[in-house]
Amino acid sequence: MPHLAGSFDRDLPGLPRGRGSLAADEVLDAQRKRILRAAISSTADKGIAATTVADIVGRARVSRQAFYKQFESKDACLIAAIDAGIESILSAITTTQDSSADLSLREQLSAVIGRYLEKCSAEPEFVRAWVLDLPVAGAAGIAKRNEYVELLADTLRSGFRHAPQAPNREMFIAAIGGCYELFYRHVSSGAPEPYTSLHAPILLFLERILDPTTDHS
1 MPHLAGSFDR DLPGLPRGRG SLAADEVLDA QRKRILRAAI SSTADKGIAA TTVADIVGRA
61 RVSRQAFYKQ FESKDACLIA AIDAGIESIL SAITTTQDSS ADLSLREQLS AVIGRYLEKC
121 SAEPEFVRAW VLDLPVAGAA GIAKRNEYVE LLADTLRSGF RHAPQAPNRE MFIAAIGGCY
181 ELFYRHVSSG APEPYTSLHA PILLFLERIL DPTTDHS
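1 is the number of the first residue of the sequence shown in this note's numbering; add one for each residue after it.
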């Protein structure tokens, strides 16, 4: 079940009220998590242009007042939701890098790609939102998209720190940009295959441009 996207059915109980109610800061945190998940879900379904604040609060089962207490706009909300997803995915990648540090560079790269694609396959709505909609969420959305690419590039680059011929940072940014294009085509075409089907082409692509010492024959 996705953790970064979701709607809250009207038949489900809301946040506790009365004597068993949550503390004010707990309410804000719970509402924020609901709103962020609803923003991803609505954006993935309708696109950022068609999504409204009413859509988000309806899916989150919170009031508009609760929404505007934490976010100034739907775009700001989407960017915050993307941030939460980025943090989760980068954490998983870093853990995989650390646990595979004793493997060969190719094996470590394969493990990292595999973990990233597993996370993406588990969060298809998040992937759709960041790949297709984040770049059209205004100037802040473009900046966040570029920041995400750089974070992924820097995380990937850290695995090459002991490589004899490690490429410069710009090469890693270009490499992530190429992977982004594969994701964009996969998402925009509505391909039914899971993201894990991209493992082989991404591994070959990254090896060819980032590890010139590998025999690709």
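Hints were generated in silico from the structure; no laboratory data involved. Backbone N, C-alpha and C fix where the C-beta goes; we use that ideal spot for every residue, glycine too. Keep in mind that a hint or two might mislead.
Simulated DEER-style distance windows between Cβ atoms [unchecked claim]:
no., residue 1, residue 2, range
1, Gln165, Gln65, 54 to 62 Å
2, Ala23, Leu151, 31 to 39 Å
3, Asp98, Pro135, 38 to 46 Å
4, Glu170, Asp102, 24 to 32 Å
5, Ala101, Ala174, 50 to 58 Å
6, Pro167, Ser63, 23 to 31 Å
7, Leu204, Asn146, 20 to 28 Å
8, Tyr68, Glu26, 16 to 24 Å
Status of the hints after comparison with the structure:
Between Gln165 and Gln65, the C-beta spacing of about 57 Å keeps the proposed range 54 to 62 Å intact. In this structure, Ala23 and Leu151 meet the distance hint of 31 to 39 Å, their C-beta atoms being roughly 33 Å apart. One distance hint, 38 to 46 Å for the beta-carbon pair Asp98 and Pro135, is violated here, with the actual separation near 31 Å. Between Glu170 and Asp102 the beta carbon distance is about 29 Å. The supplied range of 24 to 32 Å therefore holds.
A C-beta distance of roughly 25 Å is found between Ala101 and Ala174, which places it outside the suggested range of 50 to 58 Å. Take Pro167 and Ser63: their Cβ atoms lie about 50 Å apart, and the range 23 to 31 Å is violated. Evaluation of the 20 to 28 Å hint for Leu204 and Asn146 yields a pass: the beta carbon distance comes to about 26 Å. With their beta carbons about 20 Å apart, Tyr68 and Glu26 fall inside the hinted range of 16 to 24 Å.
When held up to the earlier numbered hints, the structure conflicts with 3, 5 and 6 and fits the remainder.
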